[in-house]
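K.L.:
Heads up: the protein sequence lines correspond to chains R and Z, in order.
In terms of the working numbering, the first sequence is residues 277 to 389.
In terms of the working numbering, the second sequence is residues 64 to 491.
Think of the hints as simulated: they come from the structure by calculation, not from any bench.
C-beta: ideal position from N, C-alpha, C; glycine also.
Take the hints with a grain of salt, since some may be wrong.
Stated by the list, open to error - DSS-like mimics (lysine-lysine), calculated; alpha carbons at most 30 Å apart, straight line:
hint, chain 1, residue 1, chain 2, residue 2
1, Z, Lys304, R, Lys300
2, Z, Lys416, R, Lys342
3, Z, Lys304, Z, Lys236
4, Z, Lys229, Z, Lys305
5, Z, Lys304, Z, Lys94
6, R, Lys333, R, Lys291
7, Z, Lys416, R, Lys291
8, R, Lys347, Z, Lys236
9, R, Lys342, R, Lys300
10, Z, Lys227, Z, Lys342
11, Z, Lys198, R, Lys291
12, Z, Lys236, Z, Lys342
13, R, Lys300, Z, Lys416
14, R, Lys291, Z, Lys94
15, R, Lys342, R, Lys291
16, Z, Lys342, Z, Lys229
17, Z, Lys277, Z, Lys342
18, Z, Lys342, Z, Lys305
19, Z, Lys304, Z, Lys277
20, R, Lys281, R, Lys342
21, R, Lys333, Z, Lys416
22, Z, Lys236, Z, Lys198
23, Z, Lys304, Z, Lys198
24, Z, Lys304, Z, Lys227
25, R, Lys291, Z, Lys466
26, Z, Lys466, Z, Lys198
27, Z, Lys94, Z, Lys342
28, R, Lys300, Z, Lys94
29, Z, Lys416, R, Lys331
30, R, Lys347, R, Lys331
31, Z, Lys198, Z, Lys229
32, R, Lys281, R, Lys291
33, R, Lys291, R, Lys325
34, R, Lys281, Z, Lys416
35, R, Lys347, R, Lys325
36, R, Lys325, R, Lys300
To be verified - Some chain Z residues close to chain R (C-beta under 10 Å, calculated; not the full set):
hint, residue
37, Leu99
38, Thr173
39, Gly314
40, Arg321
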Amino acid sequence: MPENKLILITGRSTKQGTGISIGKEQEDYQVATSALELSLEDMARYGLKEGDTVKIKSQFGEATVKCRPQKLPEGLAFLAFGPATSHLLGSETHATGMPDSKGFEIELEQVPG
Amino acid sequence: MQFDSVVCAFCGCVCDDIIVTVEDGQITQTKNACVLGKAWFLGHAQHQDISAARIAGQPASLEDAIDEAARILVGAHYPFIYGLSSTSCEAQRQAIALAEAINGTIDCCTSVCHGPSGMAMQGVGEPSCTLGEVKNRADLVVYWGSNPAESHPRHMSRYAVTVKGKFTPNGRKGRTVVLVDVRPTPSARAADIFLQIAPGKDFEVLWALRALVKGQRVEASALEGTGIAFEQITDLAERMKKCRFGVLFVGQGLTQSRGKHMNLTAAFLLANDLNSVTKFALIPMRGHGNVTGVDGVMAWQTGYPFGVNFSRGYPRFNPGEFTMVDVLSRGDADAVMTVASDPYANLPRMVRKRLEDVPLISLDSHESETTRIARVAFTTSTVGVNVGGTVYRMDNIPLPLTKVLASPYPSDEEVLGRLLARVKELES
Numbered sequence: 277m278p279e280n281k282l283i284l285i286t287g288r289s290t291k292q293g294t295g296i297s298i299g300k301e302q303e304d305y306q307v308a309t310s311a312l313e314l315s316l317e318d319m320a321r322y323g324l325k326e327g328d329t330v331k332i333k334s335q336f337g338e339a340t341v342k343c344r345p346q347k348l349p350e351g352l353a354f355l356a357f358g359p360a361t362s363h364l365l366g367s368e369t370h371a372t373g374m375p376d377s378k379g380f381e382i383e384l385e386q387v388p389g
Numbered sequence: 064m065q066f067d068s069v070v071c072a073f074c075g076c077v078c079d080d081i082i083v084t085v086e087d088g089q090i091t092q093t094k095n096a097c098v099l100g101k102a103w104f105l106g107h108a109q110h111q112d113i114s115a116a117r118i119a120g121q122p123a124s125l126e127d128a129i130d131e132a133a134r135i136l137v138g139a140h141y142p143f144i145y146g147l148s149s150t151s152c153e154a155q156r157q158a159i160a161l162a163e164a165i166n167g168t169i170d171c172c173t174s175v176c177h178g179p180s181g182m183a184m185q186g187v188g189e190p191s192c193t194l195g196e197v198k199n200r201a202d203l204v205v206y207w208g209s210n211p212a213e214s215h216p217r218h219m220s221r222y223a224v225t226v227k228g229k230f231t232p233n234g235r236k237g238r239t240v241v242l243v244d245v246r247p248t249p250s251a252r253a254a255d256i257f258l259q260i261a262p263g264k265d266f267e268v269l270w271a272l273r274a275l276v277k278g279q280r281v282e283a284s285a286l287e288g289t290g291i292a293f294e295q296i297t298d299l300a301e302r303m304k305k306c307r308f309g310v311l312f313v314g315q316g317l318t319q320s321r322g323k324h325m326n327l328t329a330a331f332l333l334a335n336d337l338n339s340v341t342k343f344a345l346i347p348m349r350g351h352g353n354v355t356g357v358d359g360v361m362a363w364q365t366g367y368p369f370g371v372n373f374s375r376g377y378p379r380f381n382p383g384e385f386t387m388v389d390v391l392s393r394g395d396a397d398a399v400m401t402v403a404s405d406p407y408a409n410l411p412r413m414v415r416k417r418l419e420d421v422p423l424i425s426l427d428s429h430e431s432e433t434t435r436i437a438r439v440a441f442t443t444s445t446v447g448v449n450v451g452g453t454v455y456r457m458d459n460i461p462l463p464l465t466k467v468l469a470s471p472y473p474s475d476e477e478v479l480g481r482l483l484a485r486v487k488e489l490e491s
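Bound conformation, chain R alone (with noise of 0.2 Å):
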C-alpha cells in the first residue's frame, strides 16, 4: 500500500443502526455516518487532531468528513454506512451483485477549517 494511502473498511456501528429509525436527518445518525475512525498513529500521521474535517477520495468519489481516533491497527480506516460511503464505492461487483464495499484504497486531504 502506497504510504499516503488507507485501507477502508465500512460497516455498521450502533448510532447508525439506531439512527436509521430515530431519523437520518437527526444530528446523532449525520454524526454517526460522517465520522472517520483512524488509528492514532494515522492521526499523527496525517496530522490531524479529533474533529477535524477530512476529504476522502476513493476511486470513485470523495466524500468529506470528521476525523476521530480509535483502536485500529495502522493503515486501516472505518466509517460507518451512510451518504459519505455510498459516495466512495464503485459499482462494479464482480458478477455477484455486491458493490467491492470493504477493503478498498483511499487517500485523504484536510480541509482547512
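Could you slot chain Z onto chain R? The hints should help.
P.N.:
Relative to the frame of chain R, chain Z by itself:
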C-alpha cells in the same frame, strides 16, 4: 396497554420476547429490547403528518397515486423492483407477483447483504441449525467478519454466548468464543480469542483451516500477509475439531470483501468438513428484520433468492446481471419501485444517478432520501408495529408479528395488492 411476547423486526435476531407499553396512542416503553430494537419501536411514529400518497411531491389520493404508479410500471421497458427486507412475507409475495405481471426484474437487499452467502450455499450446500440448537448445544462459537455487539446486540446474550441451555448449563463459562475480524470491534471484548486478520485475506485463512482440519500439511509461508500466525490457526483448527458442537457466524466482513462468494464457499466447506469429526454449523448474520424471509419467499415463488428477471415470461436468476447495483449502474432500468428500503442514501453513486433519472415509486413507513426524490411516494404503516404478518429469523424460523398500534397509513401489502390489481386492469 401492555403487549407481551412482541416480535422485534429490526434486525435478523427477530427477538420475540419484547414487552411493549402503549399509552395515549403512542409506544411509551419497551422492555427486553436492545438499543436498536428500542429505537425501532419508539421511532416508528415519525412523519405522521405526511400524506399517505404523493405525486411529484404533492399530496394525492391513494387511488390517483396507485393509478400513476401502475401506469409507470406498465409503460416501462425494464421496470425494476427493489428492497423488501424490512416488510412482511405477505407484502413480499405481492411484490413478486407484481414483478411477474409487468415482466420486470426484482431484487432484494440480500444482493448487498448476504447475496454472496446465497451463491455459496447454492454451490456447496448449507450445514445449518437453529439458534435454539446453538443456545442448547454450542460450546464453540466463532464470529467471522461480524460485529454482533453493534449490529445484533442481543445475539450473544439471547442465542449464542452467555445464554444457558439444556446441554450448556454453564452458559458463558462453558463456551469458547472466537472473533475473526480486521479490527478490534466492541465484540472483541466478549471473545476469548481475537484473531486480527488482514483485509481481504479471509479466503486464504479459511482454506488453510480446511487443510488443517483434514490433517493436511500447511506451510507457515501460506499465511504470510494474512495477519494470522501459524500457531493461531493450528490452535483454532484443533479447537474446531475437538468441540462438541461448533457454530460459525459469518458477517458482511466476508460478503463485502475481496473474494465475496468464494469467501463464503470456503466457510461453508469448512463447516462441511468439520462434520466429519464433530457437529458444526454455519449461520449468516442477516441484517434487516426480514431479509431472511424475502430470500425464502423469492425462492418459493420464483426458484431463486434474489436478482430475478421475468422479461421472458419465466424467472431467470443471474447475480451481476439482474441485481440492483448492476442494473441501475448500467442504466438499464427505466422505472424503479422501492419497498421499505432507502437505496438513494446507501448505494453507489451510479445507482443514485440512475434513480434521479427514471420515474421512481417508493413505499416506506419513513421519509427518506429515496422517498423525497420519488415521482410517486406511498407512506405505509410499520410492519410489526401497525400491522401484523410473518418474518423469518436469521436461522429461517418464521415468527408472527403483532399489531400494537393503529396507523392512518395503509400497509405495504395493501398498496402492493391494489397496485397489482390496477396493473392487471391496465394490461387487459
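K.L.:
The structure should be examined with respect to each hint, and the outcome stated for every one.
P.N.:
Taking the hints in turn, this is what the structure says about them:
Under the criterion of a C-alpha separation no larger than 30 Å, the hint pairing Lys304/Z with Lys300/R is inconsistent with the structure, at around 45 Å. With a C-alpha separation of about 25 Å, the suggested pairing of Lys416/Z with Lys342/R holds against the 30 Å cut-off. Only pairs whose Cα atoms come within 30 Å are accepted, and Lys304/Z paired with Lys236/Z is accepted, the gap being roughly 19 Å. In summary, the hint linking Lys229/Z to Lys305/Z is supported, as the alpha carbons are separated by about 20 Å, within the 30 Å threshold.
Of the supplied pair hints, the one linking Lys304/Z and Lys94/Z is violated, its CA atoms being roughly 39 Å apart against a limit of 30 Å. Pair hint Lys333/R plus Lys291/R holds up; C-alpha atoms about 24 Å apart against a cutoff of 30 Å. Taking the CA atoms of Lys416/Z and Lys291/R, the gap is about 27 Å. The hint holds against a cut of 30 Å. For a cut-off of 30 Å, the pair hint linking Lys347/R to Lys236/Z stands: about 27 Å separates their Cα positions.
Restraint check for Lys342/R and Lys300/R: satisfied, since their Cα atoms lie roughly 17 Å apart, inside the 30 Å limit. Between Lys227/Z and Lys342/Z the alpha-carbon distance is near 19 Å, which keeps this suggested pair within the 30 Å criterion. For the hint pairing Lys198/Z with Lys291/R, the CA-to-CA distance comes to about 28 Å; that is within 30 Å, so the pair holds. For the proposed pair Lys236/Z and Lys342/Z, the alpha carbon gap of about 20 Å is at most 30 Å, so the pair holds.
As the CA atoms of Lys300/R and Lys416/Z are separated by approximately 20 Å, the hinted pair is consistent with the 30 Å bound. Between the alpha carbons of Lys291/R and Lys94/Z the distance comes to roughly 20 Å, so the proposed pair stays at or under 30 Å and holds. With a CA separation close to 16 Å, the supplied pair Lys342/R and Lys291/R stays within the 30 Å bound. Taking the CA atoms of Lys342/Z and Lys229/Z, the gap is near 17 Å; set against the 30 Å cutoff, the hint holds.
Using a Cα cut-off of 30 Å, the hinted pair Lys277/Z and Lys342/Z holds, with the two alpha carbons roughly 15 Å apart. With a CA separation close to 10 Å, the supplied pair Lys342/Z and Lys305/Z stays within the 30 Å bound. Annotation: proposed proximity of Lys304/Z to Lys277/Z holds, straight-line Cα distance about 10 Å (limit 30 Å). Taken as a hint, the Lys281/R and Lys342/R pair is honoured in the structure, with Cα atoms around 17 Å apart against an allowance of 30 Å.
In summary, the hint linking Lys333/R to Lys416/Z is supported, as the alpha carbons are separated by about 19 Å, within the 30 Å threshold. About 13 Å separates the Cα atoms of Lys236/Z and Lys198/Z, which keeps this hinted pair within 30 Å; it holds. Distance hint between Lys304/Z and Lys198/Z is fulfilled; the C-alpha atoms sit about 19 Å from each other, no more than 30 Å. The hinted pair formed by Lys304/Z and Lys227/Z meets the criterion: a straight-line CA distance of about 23 Å does not exceed 30 Å.
Distance restraint check for Lys291/R and Lys466/Z: the Cα-Cα separation of roughly 27 Å lies within the 30 Å cut-off, and the hinted pair is therefore satisfied. Distance hint between Lys466/Z and Lys198/Z is fulfilled; the C-alpha atoms sit about 28 Å from each other, no more than 30 Å. Distance check on the hinted pair: Lys94/Z and Lys342/Z sit about 35 Å apart at the alpha-carbon level, beyond 30 Å; violated. Between Lys300/R and Lys94/Z the alpha-carbon distance is near 24 Å, which keeps this suggested pair within the 30 Å criterion.
In summary, the hint linking Lys416/Z to Lys331/R is supported, as the alpha carbons are separated by about 21 Å, within the 30 Å threshold. At roughly 21 Å between alpha-carbon atoms, Lys347/R and Lys331/R fall within 30 Å of each other, so this suggested pair holds. Only pairs whose Cα atoms come within 30 Å are accepted, and Lys198/Z paired with Lys229/Z is accepted, the gap being roughly 8 Å. A C-alpha spacing of about 27 Å is found between Lys281/R and Lys291/R, which places the hinted pair at or below 30 Å, so the restraint holds.
With a CA separation close to 22 Å, the supplied pair Lys291/R and Lys325/R stays within the 30 Å bound. A distance of roughly 28 Å separates the Cα atoms of Lys281/R and Lys416/Z; the hinted pair therefore holds under the 30 Å criterion. Distance check on the hinted pair: Lys347/R and Lys325/R sit about 15 Å apart at the alpha-carbon level, within 30 Å; holds. Distance check on the hinted pair: Lys325/R and Lys300/R sit about 26 Å apart at the alpha-carbon level, within 30 Å; holds.
Because the smallest distance between the Cβ of Leu99/Z and any Cβ of chain R comes to about 5 Å, under 10 Å, the interface hint for this residue holds. Evaluation of the Thr173/Z hint against chain R yields a held restraint, the C-beta minimum of about 8 Å falling below 10 Å. About 9 Å separates the beta-carbon of Gly314/Z from the nearest beta-carbon of chain R, less than 10 Å, and the hint is met. Nearest Cβ of chain R to the Cβ of Arg321/Z: about 6 Å, under the 10 Å cut. The hint holds.
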